[in-house]
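K.L.:
Letter by letter, the chains look like this.
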Amino acid sequence: MNAITAEGLVKTFGSGEKAVKAVGGVDLVVPEGTVVGLLGPNGAGKTTTVRMLTTLLAPDAGRAVVAGHDVVREPQAVRSKIGLSGQYAAVDENLTGRENLWLFGRLYQLSSKEASKRAAELLEQFNLTDAADRTLKTYSGGMRRRLDLAGSLIVRPQVLFLDEPTTGLDPSSRLDLWDVIRERVAEGSTILLTTQYLEEADALADDIVVIDHGVIIAQGTADQLKAQIGGERIEVIVHDPEALGKAEQVLNLGSGGQCLRDDHTRKLTVPTHTGSKGLIQVIRDLDEAGVGIDDIALRRPTLDDVFVKLTGRHAEDETQAETAQGRAS
Amino acid sequence: MTTDVAPTAAAPSRVGLNQAFADAMTITWRNIRAGWRVPDNQIYMFIQPIMFVLLFAYVFGGAINVPGVDYVDFLMAGIFVQTMAFACAPASVGLADDMQKGLIDRFRSLPMARSAVIAGRVIADLVNQLIVLVIMIVCGFIVGWTFHNGFGQFLAAVGLLMLFAFAMLWVGALIGLSVGSPQVAASAGLIWLFPVVFMSNVFVDPSSMPSVVQAIAEWNPVSAIASGARELFGNQSLVQSEAWPMQHPVAAALLWCLLIIAVFAPLAVRKYKKASSK
Ligand SMILES: Nc1ncnc2c1ncn2[C@@H]1O[C@H](COP(=O)(O)OP(=O)(O)OP(=O)(O)O)[C@@H](O)[C@H]1O
Ligand SMILES: [Mg+2]
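Those sequence lines, one after another, are chains A and B. Mapping the first sequence onto this note's numbering, position 74 (from 1) lands on 74, and the numbers just tick up by one. Mapping the second sequence onto this note's numbering, position 107 (from 1) lands on 107, and the numbers just tick up by one.
Bound-form chain A, shown alone (with noise of 0.2 angstroms):
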């Protein structure tokens, strides 16, 4: 059973020569019990796919079943079935983290009693029981983000939409709410996230989607798409600039001729087949040549890597500009 199908999603925004299609035919199959990634930067159409799957945006074209019903034709049955936590928390600033919770717990039509037990038990979970009684006006930004993600959990969600949930937080929350996520998977919940840090995407999800300019541009397990650009890597720095072309000679000879060179930076990749044996070979056959070095490391390939062989751009580059700009208007 597939706890999310979509197929050809389509949704356009304004008209005529303003028109923007913010997502230009989706198709989406999420299996049961796993959890998807939606990796993509700034304006790629994320936010708008969650929120046609979420019953909150009407598609232009295509349709979507989540948790077997019609996102169209049975948006109150789908609601019933999942928690939405989305992008920018939404949650009242003027009741307690307490209040918040009841109130998301009564709209989800448990019973005063119950919603109130539940409310305790997320606080306890968050971490925010000692912030409990106090109005959402004194939480800072990371703590708010915790309790809208907390009204997304009231209930059992069979699917969870999760719109960059770790945006915001520290490290040791982030970490947190990764356990969190992982723990839902294990009760057999089904969570698609979206993401704009590659190893969250990594970390969490089963498999990857990358999204651009509202069309899939990729898919398949870190590990597939980690295939598509090679294997892993060596990378050298060399400590003299002068001594950069003897040790390119030396990696070259060891590598059938792959070396890749960088003068700015005094870096020299080499491919490699052999992992860490391959990385004692070359800091041997760079001391022989006696080449001293400043920083060697063996890489492994990352998904900005795909990301930047995919788009001809660096995902985290891009998203840190265009918040820096944002914030800066």
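Be aware that one or more of the hints could be misleading.
Unchecked claim - Restricting the straight-line Cα-Cα distance to at most 30 angstroms, the calculated cross-link-like pairs of lysine-lysine (DSSO-like) are:
#	chain 1	residue 1	chain 2	residue 2
1	A	K137	A	K113
2	A	K81	A	K113
3	A	K277	A	K246
4	B	K274	A	K81
5	B	K101	A	K137
6	A	K81	B	K271
7	A	K309	A	K226
8	A	K21	B	K271
9	A	K267	A	K246
10	A	K113	B	K101
11	B	K273	A	K81
12	B	K274	A	K18
13	B	K101	A	K21
14	A	K309	A	K277
15	A	K226	A	K277
16	A	K117	B	K101
17	B	K273	B	K101
18	A	K226	A	K21
19	B	K101	A	K18
20	B	K101	B	K274
21	A	K21	A	K309
22	A	K21	B	K273
23	A	K21	B	K274
24	B	K271	A	K18
25	A	K267	A	K309
26	B	K101	A	K81
27	B	K101	B	K271
28	A	K81	A	K117
29	A	K277	A	K267
30	B	K273	A	K18
31	A	K137	A	K117
32	A	K226	A	K267
33	A	K81	A	K21
In case anyone wonders, no lab produced these hints; they're calculated from the structure.
With chain A fixed as given, assemble chain B with the ligands onto it according to the hints.
P.N.:
Below, chain B with the ligands without anything else, positioned relative to chain A:
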């Protein structure tokens, strides 16, 4: 980490009337509870009504000295009406705020009755508005105002004022859902109310106004509500006019309220459906 025993939600495929009511009450609770914590609202609800009654009674009340006319007796219903007209403020600011903060989206992703967001807003504001009205009436008694037609008609007047507040709430809801930010709702969304309230018989007899303004004042719904309330309270009306609404103020007031509701409630509901599905 604690072991997790999340309950599974009931899975309603269709929202029944009971649930719609329960959800509306939940949202009402939220709006009242959260609203009362906002200093602006506390001032609006508790300080402003008292201040208005005292200011108008002691500043204007003494200034206008017509023999045989008790200005406070005339004025008080006008102040009540003015305050009820501004009932659209909390509704519009509240809804605009919920839209902007993404709460409306969150509510829409929950298995709750969709009507509850607006219903809960309207009910909460009606409760708040009733409290404001009671405070003003008590203050009115303190400064020497009273009603003269018996308790039944007094209650009818209160009912009329609340009906007017209810009508204005829908106007506010439409504005709040249209403007996109609570700041705009609180400024541009309200500014038009001042001419509407002042070009009426709320504070003075319109016969002193230029003839065009006078005609507007005679047909202004606010004038009809004020005259209607004065008639029911048995207060002096001061107003001399041949215009139909001024001759039949209670009927005119009721008609105006129903008309406003008939126009603005469906518009607001439509706007809510549209705004929340874009
Ligand atoms: N309500 C809207 N009206 C007009 N354009 C919109 C609207 N919502 C999204 N867009 C546009 O659709 C595109 C996709 O937006 P979306 O929010 O889905 O991106 P995203 O992948 O979630 O980005 P981010 O990482 O910044 O959250 C963007 O170009 C955006 O400007
Ligand atoms: Mg987004």
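K.L.:
Next step is simple, just say for each hint if it's right about the structure.
P.N.:
Each hint, compared with the structure:
Taking the CA atoms of K137/A and K113/A, the gap is about 26 angstroms. The hint holds against a cut of 30 angstroms. For the proposed pair K81/A and K113/A, the alpha carbon gap of about 21 angstroms is at most 30 angstroms, so the pair holds. For the given pair, K277/A sits about 22 angstroms from K246/A by alpha-carbon distance, which is consistent with the 30 angstroms threshold. The straight-line distance between the Cα atoms of K274/B and K81/A is roughly 24 angstroms, inside the 30 angstroms bound, and the hint therefore holds.
Taking the CA atoms of K101/B and K137/A, the gap is about 13 angstroms. The hint holds against a cut of 30 angstroms. Distance check on the hinted pair: K81/A and K271/B sit about 27 angstroms apart at the alpha-carbon level, within 30 angstroms; holds. Under the criterion of a C-alpha separation no larger than 30 angstroms, the hint pairing K309/A with K226/A is consistent with the structure, at around 10 angstroms. Among the hinted pairs, K21/A with K271/B is consistent with the structure: their alpha-carbon atoms are about 24 angstroms apart, no more than 30 angstroms.
Pair hint K267/A plus K246/A holds up; C-alpha atoms about 13 angstroms apart against a cutoff of 30 angstroms. Distance hint between K113/A and K101/B is fulfilled; the C-alpha atoms sit about 28 angstroms from each other, no more than 30 angstroms. Between K273/B and K81/A, the direct Cα distance comes to roughly 22 angstroms. Compliance with the 30 angstroms bound is thereby established for this hinted pair. Restraint check: the Cα-Cα separation between K274/B and K18/A comes to about 20 angstroms, which is no more than 30 angstroms; the hinted pair holds.
Using a Cα cut-off of 30 angstroms, the hinted pair K101/B and K21/A holds, with the two alpha carbons roughly 25 angstroms apart. Taking the CA atoms of K309/A and K277/A, the gap is about 27 angstroms. The hint holds against a cut of 30 angstroms. With a C-alpha separation of about 21 angstroms, the suggested pairing of K226/A with K277/A holds against the 30 angstroms cut-off. The hinted pair formed by K117/A and K101/B meets the criterion: a straight-line CA distance of about 26 angstroms does not exceed 30 angstroms.
Distance restraint check for K273/B and K101/B: the Cα-Cα separation of roughly 17 angstroms lies within the 30 angstroms cut-off, and the hinted pair is therefore satisfied. A threshold of 30 angstroms between alpha carbons decides the hint, and for K226/A with K21/A the separation of about 29 angstroms falls inside it, so the pair holds. Distance hint between K101/B and K18/A is fulfilled; the C-alpha atoms sit about 26 angstroms from each other, no more than 30 angstroms. For the hint pairing K101/B with K274/B, the CA-to-CA distance comes to about 17 angstroms; that is within 30 angstroms, so the pair holds.
Among the hinted pairs, K21/A with K309/A is consistent with the structure: their alpha-carbon atoms are about 24 angstroms apart, no more than 30 angstroms. Distance check on the hinted pair: K21/A and K273/B sit about 23 angstroms apart at the alpha-carbon level, within 30 angstroms; holds. Taking the CA atoms of K21/A and K274/B, the gap is about 20 angstroms. The hint holds against a cut of 30 angstroms. Our distance criterion of 30 angstroms between C-alpha atoms is met by K271/B and K18/A, whose separation comes to about 23 angstroms.
With a CA separation close to 20 angstroms, the supplied pair K267/A and K309/A stays within the 30 angstroms bound. Pair hint K101/B plus K81/A holds up; C-alpha atoms about 24 angstroms apart against a cutoff of 30 angstroms. Between K101/B and K271/B the CA atoms are separated by roughly 18 angstroms; this keeps the pair inside 30 angstroms, and the hint holds. Between K81/A and K117/A the alpha-carbon distance is near 20 angstroms, which keeps this suggested pair within the 30 angstroms criterion.
Of the supplied pair hints, the one linking K277/A and K267/A holds, its CA atoms being roughly 20 angstroms apart against a limit of 30 angstroms. With a C-alpha separation of about 24 angstroms, the suggested pair K273/B and K18/A falls inside the 30 angstroms cut-off, and the hint holds. Only pairs whose Cα atoms come within 30 angstroms are accepted, and K137/A paired with K117/A is accepted, the gap being roughly 23 angstroms. Restraint check: the Cα-Cα separation between K226/A and K267/A comes to about 22 angstroms, which is no more than 30 angstroms; the hinted pair holds.
The straight-line distance between the Cα atoms of K81/A and K21/A is roughly 29 angstroms, inside the 30 angstroms bound, and the hint therefore holds.
Comparing the model with each earlier hint shows no violations; every hint is respected.
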